Each structure stands twice: as C-alpha cells, then as structure tokens.
Amino acid sequence: MTEPIFELNDIVVTVNHGTPEQINIMDHVNLSVFPGDFITILGSNGAGKSTLFNVIGGNLPVTSGQILLNGKDITNMSVEKRTRFLSRVFQDPKMGTAPRMTVAENLLLSEKRGQRRGFAPCHLKTHMDKFKQITSVMNNGLEHRLNTATGKLSGGQRQALSFLMATIKRPDILLLDEHTAALDPQTSQELMTATNDQITRNHLTCLMITHHLDDALKYGNRLIVLDNGRITYDIAGDEKDNLTKEELLSFFNDIEE
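Under the working numbering, the first residue of the sequence shown is numbered 1, with each subsequent residue one higher.
Simulated from the structure, these hints should not be mistaken for laboratory data.
Please note that the accuracy of each hint is not assured.
In silico EDC-like links for lysine to aspartate or glutamate, alpha-carbon gap of 20 angstroms or less [what the hints assert, rightly or not]:
1. 72 with 178
2. 72 with 143
3. 94 with 184
4. 169 with 197
5. 169 with 184
6. 218 with 178
Every value quoted in this text rests on a predicted model; they were computed, and no experiment measured them.
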C-alpha cells in the first residue's frame, strides 16, 4: 500500500485563547495526502480553507497535533525551510512574481528556491532556450515575452508565470490558492486547463482551493469539503467521478458557483 507523502494528524488551531470568543478555526483535522493526489478543496467563506493552507505552509502555528512529511515531523519547521519541498500560488497574480524583473529573471530566481544563492543575471543567456520551452506549454504567448518586465504582463500571463515558478523545481507539495479567481472567465479556464495538464503530465501532488463547483468536479482525483474548520467530506475515485453538481451543492450552503 502506498504511504502518504504528507499528513495532518489531529490538527487544532485555536484563536482568542482565554476569552469568550475562543474558537478552534481548525478543529481536529486529519488528512493524508498521497503521491500524485490532486485534491480540490471547497467550502463556504470562513470554512477554514485559507487556514488549512497556512497550516500546511507553516504560516500559522498549530495549537496541537502533528504535521508529517514522508513520516518526518515538521510541525515546527519554518516557512523558509518548507520552501524546499512546498510551493504556493496565490489568488493575486502580483504576489508570486517580482514586477521589475523580466520573465526570464523570475524563472532563474525560482530555480534557486530553497537554496543559498547569489543571483547572477550574467548567466541568463544560457537558460533562455530552456525558459522558452517551459513557458510555451502555457499556450498564452509567454514564451515571446521572456525579456519583458513581469509588471507589464497581463494578469493571465503573470499568473501563468507564478504557476511555472512554483512548479519549475517539482515541489513535493503544490498549493493552488484560488489561483484563477482574479482572472476573467476565459483566461481562468485557459490557465486551469494548462494547470491540469502540467500537474497530470509531471505527476505533481497538489491541493487546490476553488469556489467553482464545475472545476472541483472536473479536475483532480479527490475532493474535500471544509466546514467550520473540519473536513466534512473527502471523496475520491469512482465516487468523485460520479458525483453530480446537485449532490455537491447538497453538502453545504452559501458557496459561490
């Protein structure tokens, strides 16, 4: 039997300790992520989706419980050290890139993620053919803008670059935090198609927050529903494949389609 690559064991995150407003925003969460899992995550506002990602990324300390990577306890590991095995793409296209650096310079920088480095632009030319090939898979013309400052790209191109930067080193865990939500519908679907292709082709292990029911049903091999800091549904395989939009809507209320 395949062993999980990543585990959350009985994770609790408590805020407002010792006050009448004390609450568990992560309430005894257990989650096993297996190699090659592509998990879509749904939940109404305040359900705990961002909290879950912040716990996985190390941005939010846990009150109790244990986080394991390949069986090793990383509960107290820093955000910086987690970048050696984890990448995250945020909703805002501006968050994952350096606007004054070119597309190629951003990609070169991302190749050194999690390493001690001295950035040397003089070596950029030797990487251009590789970067052109890498960017061409996004099918949005990014390969023709390698020498363009990232701040001058369209939102879709910039978010595609963020995705490429997050995956160029093949992270053990990829977190997609509503990475298409800030884009227009057509650009969103183009990026989602490219995202799915790259995750599938490169056998990446990914968790993706989305508010789009259709995307949650269409993509990935597992679907998780969060409610009040708990995982209320974890559906995989044939059960997910046969799940209808109407059945999914019945799981919870107040979710944007």
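Hint numbers not upheld by this structure, sorted from lowest to highest: Numbers 1, 2 and 5, in rising order.
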